[in-house]
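2 protein chains.
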Amino acid sequence: MTYSEILLEKISSSRELVGIIGLGYVGLPLAVSFSSAGSRVLGFDKSEEKTAKINAAKNYISDISEEEFQQAVGSGLLQATTDFSRIRECDAVLICVPTPLDVFKKPDMSFIEAACLDIARNMKPGTFISLESTTYPTTTEDFMLPLIERESGMKHGADFWLAFSPERVDPGNKDYHTRNTPKVLGALTPEGLQIGQAIYSKAIENIHPVSSPRVAEMVKILENTYRLVNISLVNELALLCGKMDINIWEVIEAAQTKPFGFQAFYPGPGIGGHCIPLDPFYLEYIAKKFNFDLTMINTAGHINLLMAHRMTLKITSALNRQQKSVNGSKIVFLGVAYKPGIDDERESPALKIMDEVVKKGADVSYHDPYIPQVKTPEGHLFRSVALESAVAEADCVVVTTHHPGFDPDYLLEKARLIVDLRNLIKRPSEKVYKL
Amino acid sequence: MTYSEILLEKISSSRELVGIIGLGYVGLPLAVSFSSAGSRVLGFDKSEEKTAKINAAKNYISDISEEEFQQAVGSGLLQATTDFSRIRECDAVLICVPTPLDVFKKPDMSFIEAACLDIARNMKPGTFISLESTTYPTTTEDFMLPLIERESGMKHGADFWLAFSPERVDPGNKDYHTRNTPKVLGALTPEGLQIGQAIYSKAIENIHPVSSPRVAEMVKILENTYRLVNISLVNELALLCGKMDINIWEVIEAAQTKPFGFQAFYPGPGIGGHCIPLDPFYLEYIAKKFNFDLTMINTAGHINLLMAHRMTLKITSALNRQQKSVNGSKIVFLGVAYKPGIDDERESPALKIMDEVVKKGADVSYHDPYIPQVKTPEGHLFRSVALESAVAEADCVVVTTHHPGFDPDYLLEKARLIVDLRNLIKRPSEKVYKL
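Residue numbers (the working numbering), protein chains in the order written: chain A, -1 to 433; chain B, -1 to 433.
It is worth saying that the hints were derived from the structure and are not from the lab.
Some clues are possibly wrong.
Stated by the list, open to error - List of simulated lysine to any residue pairs, SDA-like, C-alpha gap at most 20 Å:
id : chain 1 : residue 1 : chain 2 : residue 2
1  : A       : K8        : A       : E189
2  : B       : K241      : A       : F288
3  : A       : K172      : B       : K241
4  : B       : K286      : A       : R308
5  : A       : K172      : B       : F258
6  : A       : K287      : B       : K241
7  : B       : K241      : A       : T136
Okay, chain A solo, but in the shape it has when bound (with noise of 0.2 Å):
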């Protein structure tokens, strides 16, 4: 029997042991769904922490059902541990890792690096990789298959398979979540998406094979420069609607009434979160490599860019009204998070807009009933205060995040000033100043 035939064997008769590298929002779900579905799990991270929870039965991700996930655990299905040599158990591996932008913006690899260098220096032969990271096209191939051979001394097509298959998690939706979201997978080899399909197909009900990693890799990217460049484009739209007295949620919600043709996007104080403000990113960079500019990308991030600071001169505005400066005002932000009702603040712009008014001298303090303590990006240390006594003492507040619960009556009674970044106020009042 060849290694491939063993493998599809072993998956057919339920004996696989899945390996899944990185038990962050992509990874914990995805081991979840395969040990729901019966599949022995073995999770890696470089975190004792996480590992260490996992273990005692403690989930960390919302979410994820906590009854499924007891039930992994207690049935023994999944277990976590901080020792990659334990990989050559596995028989597939899948890595979910991060995949940040440095400082400069420019793609950080050293996650998918240290995956594969931890991958090819323990896996067994017969082992299939899957990169589920968001990352530029030509990554799985160009990047990690010569990485891989190199450092396991394997063979790609004999050894082990090599594919691409990008997480579509959506934090906080309730109608999609890893089982029931389908899932793109591109193998190097016909062999590789047979294998990949085997495997998918026990956590995730509907599997869409690509004819290779690299349409794969390019069909997140889509997905997220989509997402991107129309954000971008209504937030752009929004300030120019301030200044012409048109209000640009009167206006999307007009246009969703037609009937086929356009799909609603919200403007915001920027866009956060760890995969719509950087993922595009990837693509520009690996674009400069085919000597080709990404325009609409570029100017995309260029209106990102500047969103923290066009929002410190709405509160600027808003404050001026009221013959007060930013320098000495009491500011107190409503909402962290990068979107509503969960508790990640990554590329959240109300860190950067309390940055930028902190650097003015303002007073700022936050509330968040999902995030208790925040570091912003330049190093300020803020726990979330009780909303009552900062929306009266505030001389203005900033509604950041339209978390559930946020009370817009209350707030147009007690508040001075509302700078309302989120349309969370519809009543028409003196005290509001929208984006």
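Dock chain B against chain A, hints included.
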């Protein structure tokens, strides 16, 4: 009784006469929709040919149901005239004139201006006026209102009412036509809005009122800017994908499996038609007045401006593979309509590419079953040629529009070389050069 009470009473007892200025692809379907609902309609157009056709019951707009049209004219409810003095007979006047860009890509307001003058010089007191043409926000309030008041000597709110209600006609759309596409309506006063809703409700199922004409103006621009930006984005990505050996159509098809947060747009040789390539530049124009630079629209416009040139380079590269130059080659274009299945070549990218390759010395012809003859922007006249002989003789067949009926297998068999700018040909072949 006030004028508004008289008008509302007339409408409720179906005795109103609706005037429609401009009997093109927007005005004529709207006229028929009113007639079908039992309203009397008087259509106005400067073209004797159009009004004579209508009065002779000869329909010239393909999206109109022939039966409804015959009924409208046959019953006497729909009449057309070139005599604009008959505006005085009308209770409502709806303006459906073109708003093109001039050769410097600046708004050409001459048609709206002419309509306003015709109305102002002829209308009776108690007339409702609505503009449907896409234009920049503030047109109704700042351009039309003072013009009509000055020329008519009448007072808005007492003697007439002004509103903006953008057309949303999508030529060739089988599901949505005038009656069942919701209509946004913004008036200057609550009374004007009430009258506008009463009138439009006869012809259109759902009216979505907004707080002002400028909001309604912005709605239409947002809808079309969304399309311009997204088509431009995917066109730019398609060019990069070409260099990276990635099939962009496969990417889009896979991205569409994402069940949330994505809408597919398809690449092509450029953006055509009378809306998408024009409307956003109306907004860009007015933005300057507010010292605002719309960078997304600007970038999208830049991409679209270069598409014809880039497509010419694709043709040049394809011919080069077969050791041929554009100069002296026979090139036949399939499809000059700006989208499939329609007989409209306005702003069609095909014509611009034809001009470019003519300039480079190619022997150019075209085939389009919907369009018997065309004049290119550079003034070259062409007549559609027979498909068979043209394909057989051509050094290069360029697919510029994927009309229904174009047969990929036939082309693959008969053509020497195909530059497929529309993904008509799915089978891989040495003969095919893709966008």
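Going down the list of hints, with the structure as the test:
1. K8(A) to E189(A): holds, 15 Å
2. K241(B) to F288(A): holds, 7 Å
3. K172(A) to K241(B): Given that 20 Å is the threshold and the Cα spacing comes to 39 Å, the pair is violated.
4. K286(B) to R308(A): holds, 18 Å
5. K172(A) to F258(B): holds, 11 Å
6. K287(A) to K241(B): Holds, at roughly 10 Å.
7. K241(B) to T136(A): OK: K241(B) and T136(A) at ~12 Å, within 20 Å.
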